[in-house]
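Use the sequences and the hints to build the structure in full.
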Amino acid sequence: MSTIADRLIDDAGIQRGLNRLEQSRIRSIIKGVLASETGARLKTYAETCMRCGLCAKACHYYMSHDGDPSYSPVGKVRQTMWEILKADGDVSKQQLQQFAQIAYTECNLCRRCMHYCPLGIDTAYIISVVRRICHKLGVTPQYIQDTAHSHAATLNQMWVKDDEWIDSLMWQEDEAREEFPTLRIPLEKEGADFMYSVIAPEPKFRTQLIYQAAAIFNAAGLDWTMPATPGWDNSNMAMFSGDAEVMSRVERAHYETAQRLRVKRIVMGECGHAFRAVCDVANRWLGWKVPPVPVVHSVEFFWDLLESGKIRMASKHPGTVTIHDPCNIIRGRGLMDKLRDVVHHICEDVVEMTPNREHNYCCCAGGGVINCGPPFKKVRVIGNKIKAEQLKATGVHTLIAPCHNCHGGLEDIIKHFELDMHIYFLGDIIYKHMERPADAGGGE
Amino acid sequence: MPQSDAWDFETGARSLCDLHACARDYNWLEEPYFSPDGERVAMAAVSDDGATACVNGQAWENVFEKLWMPRFLPDGRLMAFVQTDGEWTAAVDDAPWENTFAFVWNPMWSQDGSRLAICIQQDGEYGIAVDDAPWETLYENANQFVLSRDGAHSAAVVQTISLGQADIEGYQKGVFSVAVDGEPWGSNFVNCWGPAFDAAGERVAAAARFSLYDYGIIEEGRPWTTTYQCVWEPFFDPNTGEVLAPVRTGGKWGLAHRGGFRWEPTFHQLWQPAYSRDGRTLAAIVAPKFGEFTVAVNGTPWNQTWPVVTDLVLSPTGRAACLANESNTRFRVVVDGTAWTGRYDMAWPPVFSPDGKRVAAAVEKHGRQTIVLDDKVYKEWFDKVWPPVFDPSGEKVLIRAVSGGACLRIVDHISSFKA
Chain A
1136 MSTIADRLID
1146 DAGIQRGLNR
1156 LEQSRIRSII
1166 KGVLASETGA
1176 RLKTYAETCM
1186 RCGLCAKACH
1196 YYMSHDGDPS
1206 YSPVGKVRQT
1216 MWEILKADGD
1226 VSKQQLQQFA
1236 QIAYTECNLC
1246 RRCMHYCPLG
1256 IDTAYIISVV
1266 RRICHKLGVT
1276 PQYIQDTAHS
1286 HAATLNQMWV
1296 KDDEWIDSLM
1306 WQEDEAREEF
1316 PTLRIPLEKE
1326 GADFMYSVIA
1336 PEPKFRTQLI
1346 YQAAAIFNAA
1356 GLDWTMPATP
1366 GWDNSNMAMF
1376 SGDAEVMSRV
1386 ERAHYETAQR
1396 LRVKRIVMGE
1406 CGHAFRAVCD
1416 VANRWLGWKV
1426 PPVPVVHSVE
1436 FFWDLLESGK
1446 IRMASKHPGT
1456 VTIHDPCNII
1466 RGRGLMDKLR
1476 DVVHHICEDV
1486 VEMTPNREHN
1496 YCCCAGGGVI
1506 NCGPPFKKVR
1516 VIGNKIKAEQ
1526 LKATGVHTLI
1536 APCHNCHGGL
1546 EDIIKHFELD
1556 MHIYFLGDII
1566 YKHMERPADA
1576 GGGE
Chain B
82 MPQSDAWDFE
92 TGARSLCDLH
102 ACARDYNWLE
112 EPYFSPDGER
122 VAMAAVSDDG
132 ATACVNGQAW
142 ENVFEKLWMP
152 RFLPDGRLMA
162 FVQTDGEWTA
172 AVDDAPWENT
182 FAFVWNPMWS
192 QDGSRLAICI
202 QQDGEYGIAV
212 DDAPWETLYE
222 NANQFVLSRD
232 GAHSAAVVQT
242 ISLGQADIEG
252 YQKGVFSVAV
262 DGEPWGSNFV
272 NCWGPAFDAA
282 GERVAAAARF
292 SLYDYGIIEE
302 GRPWTTTYQC
312 VWEPFFDPNT
322 GEVLAPVRTG
332 GKWGLAHRGG
342 FRWEPTFHQL
352 WQPAYSRDGR
362 TLAAIVAPKF
372 GEFTVAVNGT
382 PWNQTWPVVT
392 DLVLSPTGRA
402 ACLANESNTR
412 FRVVVDGTAW
422 TGRYDMAWPP
432 VFSPDGKRVA
442 AAVEKHGRQT
452 IVLDDKVYKE
462 WFDKVWPPVF
472 DPSGEKVLIR
482 AVSGGACLRI
492 VDHISSFKA
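These protein sequence lines are chains A and B, in that order.
In my numbering, each residue's number is its place in the first sequence (first place is 1) plus 1135.
In my numbering, each residue's number is its place in the second sequence (first place is 1) plus 81.
Please note that the accuracy of each hint is not assured.
Derived contacts from chain B toward chain A, CB cut-off under 7 Å, selection only [as the list claims (entries may be wrong)]:
hint, residue
1, T181
2, F184
3, W186
4, Y220
5, A247
6, I249
7, N272
8, T391
9, M427
Not everything, but these chain B residues come out facing chain A in the computed CB check (under 8 Å) [claimed, not checked]:
hint, residue
10, E112
11, W149
12, C200
13, F371
Rather than coming from a laboratory, the hints here were simulated on the basis of the structure.
From the three backbone atoms N, C-alpha and C, an ideal C-beta is built for every residue, glycine too.
In structure tokens:
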């Protein structure tokens, strides 16, 4: 059995935080977070965990490291929060480094282990509190901290400037009108049925996804809009860095933008963690019990378009595909059935990977892990050997994953383990194979 | 909304143009916008020749490569962003500005509409242009732009020091400031948000972060000595000129000023504060309990709460109105703490009559829109309506609407609204 001390990785952000941290601050900050930001929930978890280890096999890190207990959920909690509580917050800088590495890079907050705990203990919550403590102490990995900085400065996660967002939409509208002459990406259309929100990688380097969404909405004849102001990005890495204040500033802008535009709902692109931020975490920090504007994930939205016949498939994606279930919209929202309905609508044949649905293994990119950047890439790739084995066992070469982070993580796994697979978003396939409007050129 | 006694408030209905007929003249016609006085309706229009603005069915003489964001200023002039030879600028009533830029967006105007400001990007640098005069100094990044009430001054959060990729250390030393009329404050902060002018446009305050954890307020570049867990946008007391701001401390929100509290931190949320024009009433949207929102007037919350409250509006005399809803449905207009009986699928901000005695709002139900006035519904429903305008006496209402493709200007007496 190893411990976290055996596998520490140099990270400029964590190291810098430790260097400037005064030992005397550690206990007071930790005690402050525990006293003012936790309560019966953490106490109950701490007092009821039997250390039975039934959570161990739920964790892809544990399964990918030949059953090393230090990677088990309870093992990670024992090496972090239980140490903090045992020491009454009086922990060393060396321990903090270990806490940060475990909390930010060896747990995806995927909540699979919660399903296997006889008491339903939410390890992701406990690890999130550890992250909150690390944030308050300034001990955060460099790259996710940089992303949180971007959120704070621009209200999006990739330093996209105000004009770059609008310009990207106009560019995609121009491109799409070559194919669909009457297509619009309506900006600031007050009173539209829905506001479409995306994550910042879409205008930054995956603009084809905006094109495809616009093409699908155009084909379905939908009344929609996108804002020409900040508030368009639904992603939130500040949630995962532990910066609740910036997390909430971002989501406040998101919801207030939708309210200003008087839309009935927000439809969001194929992203998992954003759904968690918008519909679960940040809304509550802001004081709303439920989202003030309904948020519909793309899986649900595509399901509705296909079931209602607003989008019809001219053909189906040929061959066999398998489905990756993103944690935040499956365990977090229960979209497993609708995801399968959509995939069966648009693909010829589906082979399920095992286990699947709410028992599916995480991609190992989520929870902000991929955003911790290059220093920890190997950790998350090797740490998900079990996923590679799961994918390989399907014998399928096409994988569907309706989540940006899942794409990033799975692409790395596929490459490292030489799996010969290609990943698609649902929108990729719907766009390619849907019936086109009568005035459309090209396509199928 | 500014209102002129010269506006036509003669009772009756007129059709300004027919959208279906207009559409035949263009390849592409976007959604209409009404002028404040309801006399003109404008749309972005695209033909084989290019893009222009279509006003009451008549195209501007100028044709551009692109045109977007047609909006009427409060004084009735029509502006739009236009592109020629790949360069962008603003055009007002068919006259493009002389200065052009790589990109323009986010129009802002003075309260009376006499001054127009736009955000500009030129050669990768950012700033504001007011009435065709760009800031002399532009910045590698600027956002959260704001214009003073009279339009004489503009401000934005600006980045004054460059950062390398993932330079978290440089960021945390502070690279952001606020520039007023293009000139930055002399000090930098980790973050600045929500700059705000005082009523005279002479002073600016902003929210800031001094470290990743310490939030506070900056006045004219000088930070308050007290810090908080979080802050929202500051604002000025019109009576004293003092700065106030919603702040979070001990996990609760209050209204801070002078290092103390105007409203004690007892709320789960507090935002969108507003003063009445007479300066006697200060109101804000608050959550006395988790998930329960209402309006607090001079520090005292209304008795009733709702899951969501938006669009707080104060009358000149200090009455307060807002919208309440449940998950963006079942919208109700709430006036002085009492919710109207009518429930709607969507609603627009309430509008007070000039004497503050009446309230009206645009609402939507089952895909049709109309105006409600003091909880009474107008006799006719439309495809689309704009917020109502009271005549100076408060006895008549100007309704700007689209029905069956006709853009309608209707003036009707308040007796046409029925419970």
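Check your understanding: Of the hints given before, which are not true for this structure?
Key -> Result: hints 1, 4 break, sorted rising.
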